[in-house]
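Asker: The primary structure of each chain is shown beneath.
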Amino acid sequence: MPVSPEKQSTLSTVEILSQGMVINVGPQHPSTHGVLRLILTLDGEQILHCEPVIGYLHRGLEKMMERRPYRHNIPFTDRLDYLAALSNNLGICQCIERLGGVEVPERAKYIRVLLMELQRIASHLVFLGTFGTDLGATTMFLYAFRERELVLDLLEECTGARLTYNWIRVGGVPDDLPDGFAEKVLAFVKVFRQRLKEYDQLLTRNRIFRSRTQNIGVLPKDLALAYGTSGPVLRASGVAYDIRKVDPYEVYDRVEFDVPVFDRGDVWARYLVRMEEMHQSLRIIEQVLRDMPDGPVQTKLPKIFKPPAGIAYSRVESPRGELSFMMVSDGSPNPVRVHIRAPSFVNLSVLPCLLEGAKVADLVAILGSIDVVLGEIDR
Amino acid sequence: MIAAVIQFFEQHPLLWTFVKAVVLASFTLMIPLAVIWIERKVAGFIQSRLGPLHVGPHGTLQTVADALKLLLKEDIVPDGADKRFFYIAPYIAFISTVLSFMVLPFAPGWVALEMNVAVLFVIGVSLFNVVSILMAGWSSNNKYSLLGGLRAVAQLLSYEIPMVLSVLAVVFYTGSLSLTEIVEYQVKHGWNIWHPPIMIAALIYFICALAEINRTPFDLPEAESELVSGFNTEYSGMRFAFFFASEFANNFFITAFAAALFFGGWDGPILPPIVWTFLKVFVMIFVFMWVRWTPPRLRIDQILRFAWQLLVPVSLVNLLFAIALGVK
Amino acid sequence: MNEAVEQLLQRFGEAVTEWTQVRANEVRLTVKPTCWREIAQYLRDDPLWQMDYPADLTVWDTGTEFGVYLRLWSSVHNHNVVVLTSISREEPRIASLATLYPGVDWHEREMYDMYGVIFEGHPNLKRILLPDDWEGFPFRKDYLAEPSGDPLHGPQPVN
Amino acid sequence: MTYFIDGLATLFFGMLVTWRNLWRPKVTVRYPYQKRPVPPRYRGLFYLKWNEEKQRLNCVGCTLCAQACPTDVISMVKLGKGTNASVSEFTMDLGRCMFCNLCVEACPFDAIYMGPVYELASERRDACLFRITDLAQGGEEAVRKNIETIQRLMAEEEKAKPAATHPAGGHAE
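Chains as they are written, first to last, in my numbering: chain D, 1042 to 1420; chain L, 31 to 358; chain W, 167 to 325; chain R, 51 to 223.
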């Protein structure tokens, strides 16, 4: 059992008293958000050691992708981060586009950004809801899912599906936005701004909520960087690492938005980053709808698509962090290797550090604040 | 006819006691059905849902159906469980609730047992509940149950103290330990709640009541997102139903007790006394539910710190005030 | 960026077999596997590089050899570096970077899990996604997927 | 103490939100009794488009959709050949379908579409298998008519063929 040196010294003084109770959280547990299993060693309510066990959802998607033509792989990515399927679609499409040097029409880029930000709101709402439930505020769950339903309705109208959208293609998007979509989105933006205020009143300002989240699970900046965490987890620790700003893709360099960064590094900061990102997403949506040009939405590609041999990677700011696809091509219709750098996978690896010394009740808060999706971790 | 029945029971007091016991026990079993239905409806409406709808008009019979389902379920006892304790724990919880209902005055004369130390009795028997939770948590031989049970005991015992102190304030104020007398005092002198020290006592009582019946800011013992279901994780079927019933009956009792202590019990104009009792109880139950579905829950150390560092001293000082102002 | 690359080439000379500037702030280096760890350490510690963020690490199988891919980012300079190398399929061994970058710990475990690449010096090199008693390394190109009786343990037909 | 007052105050503000929501219209859709309207792009159960004018299915059995499918859902038996081709069998194993829309996009003849039907659950094990009679617009009758039309057209083509062998003849149709 690896224990840090300071821990070791305190342990040796009390080792006669207890050797810790091993408790198995998951794979079926209400707050592990999927089939994550944590082996905890407890001393009373204190966590001494945590070992995450993953792989219960492993489907070998990367290997499956090696056996299929490039464009057949897009629907599989829906099953990675199933709460933000469009981000995954975009990630793999961008990677194939870079590999094959495919240009995307302007309008398609704007549509992609619009869908991406709607998706981000939907995903953060799931976070908000489940995080609320984890901490006992069950009502927040229902409110967040009520509003998520509005986003899903919009996405359903545009893409035809509610969860596994598969609506990004190599070289654009399959179809233009439906008629009157912009008005509906703007109406949603208006409603949602008010609902965000309501969430703040219900949860963010709540004293109990703050005392449950502030100074819990503090992740220092250097540790967050060294562990390669990304997304809200890293930004809450004071690093402004947002792919949309660091390496702008699509039209993110043409829209104006702020990247919320907090220095506290605790659960509270991670929560605030996500809440603020929803505000920023609304801003982006409004700008995108204002600036969207007319034109085609898809580049015609040959029926059998053979990119030249080489290595390419793409990175996308998914709601959970840096989602990166890496593809190796040898010039044949199938990729040699598809690697998915799943943000949750890396973010979860920092969990043992965060949990050491925390309380059992904080476990769910910390795990919830990392916001993992097991479909993406196990791939 | 009625006179004959009364006379018959007067001649056979043992039989009369038996009838009262049966009525009370079935009342304690029936009340949860109503309270759970209200809870589900209120929760649903607060959460933009509709709640139960299909069984009976507006789903009123849903809880009855659920109770029947629970009673018909297989009674599973885990292999490693300490069987004796595992078997009796739910019944102890239930009996402690029934016992506390025994001294509760619903209306003038409507009380199963007129006892001059009713308040003391209630405080005494409600502690059985703690014992049953500890038994359930320990005997299940499940780590989650154990954690839940230990948390529950720590929490219930901590909150018992400020609660008793705030109840004592009322006792000193009215000068009686009998619930009936406390209510009668309020009928004459106005509700206790309007007097400043009792107001604070009522607030403390309200907070402690939330903790005693494991309601949301204090629902740690059964924090389902952490401990699956806390002390009753391993229970199913009828035993689980008894835990559940006793929890909701307790919910009813604790508000009825508060109504008697602070809000004048059956006192009220026009409507008959029994209606007033139930009205007050259900308004308070609604407020409890309203609170339950709003905030997140606290952590165990925060809960205990809150009880010992704030509630206990405040209720002690408050008790002194009540004595100074109230004793005649 | 150019200055940094020149210094790197001076420092490691032959070990860096190839380098290309992909974009203004991105360099792709192909290095020899023998000084994999040294180069990573240099990239992390040198003030011109300061690649303090391990973005990605993976392995692929070309059928004749294993390619290793490491991507780093610098929070100070906003530079990206992709480091590539190749190792033999018969004896897939390479130095572990887990002690330099804790973030590649799980990536290395996953690559061991899927390709059987031994990361020398890794503190906890065991299977991560597959069950501990799994036989073989399924992402290798020559891994034969044969149906077995037990669906949870043992190879499964792919596709 | 300030914590306590702050706690009570913020709890009260939170309760105001829940109170407001208590009286808002509820969002529940009582599903089996009420149903949500399905948007036109909804990707539900497939259908093969029936062409009323030509009295046949649009499908020509070119297998482009089967090739576009990542999970090999579609299998078909071609009927006829050339411009008069169609399908006599068209089977989709929706047990493995991802409803990804790739087959619809691949089809150059507007023959296959995804419709608004989403209640596909069944208690039968073979309910995932949808045959041409389940998929074609108009059901069995459409399939029958389709086969009839194709056979008629094939026969006409057969008749026309000898004429086409004449030196002056070209592709008449």
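Keep in mind the hints are simulated off the structure, nothing from the lab.
From a predicted model like this one, the values you see are computed outputs, not experimental measurements.
From the three backbone atoms N, C-alpha and C, an ideal C-beta is built for every residue, glycine too.
Warning: the hint list may mix true and false statements.
One side only, chain D facing chain W, incomplete, derived with CB under 8 Å [unchecked claim]:
1) Gly1096
2) Leu1266
3) Tyr1268
4) Arg1285
5) Val1287
6) Tyr1290
7) Val1292
8) Pro1334
9) Glu1363
10) Met1367
11) Ser1373
12) Asn1375
13) Arg1382
14) Phe1386
15) Ser1390
Under the rule of at most 30 Å between Cα atoms (straight-line distance), these lysine-lysine pairs were calculated in the DSBU-like manner [what the hints assert, rightly or not]:
16) Lys209(R) with Lys76(R)
17) Lys1344(D) with Lys292(W)
18) Lys307(W) with Lys1400(D)
19) Lys195(R) with Lys128(R)
20) Lys76(R) with Lys1225(D)
21) Lys1344(D) with Lys128(R)
22) Lys85(R) with Lys104(R)
23) Lys76(R) with Lys1344(D)
24) Lys99(R) with Lys131(R)
25) Lys1347(D) with Lys307(W)
26) Lys292(W) with Lys1225(D)
27) Lys173(L) with Lys292(W)
28) Lys104(R) with Lys1344(D)
29) Lys131(R) with Lys1225(D)
30) Lys1231(D) with Lys104(R)
31) Lys1344(D) with Lys307(W)
Asker: List in ascending order the numbers of the hints, as given earlier, that are violated by the structure.
Answerer: The structure breaks hints 4, 6, 7, 8, 11, 12, 16, 17, 18, 22, 23, 26, 29, 30; every other hint is satisfied.
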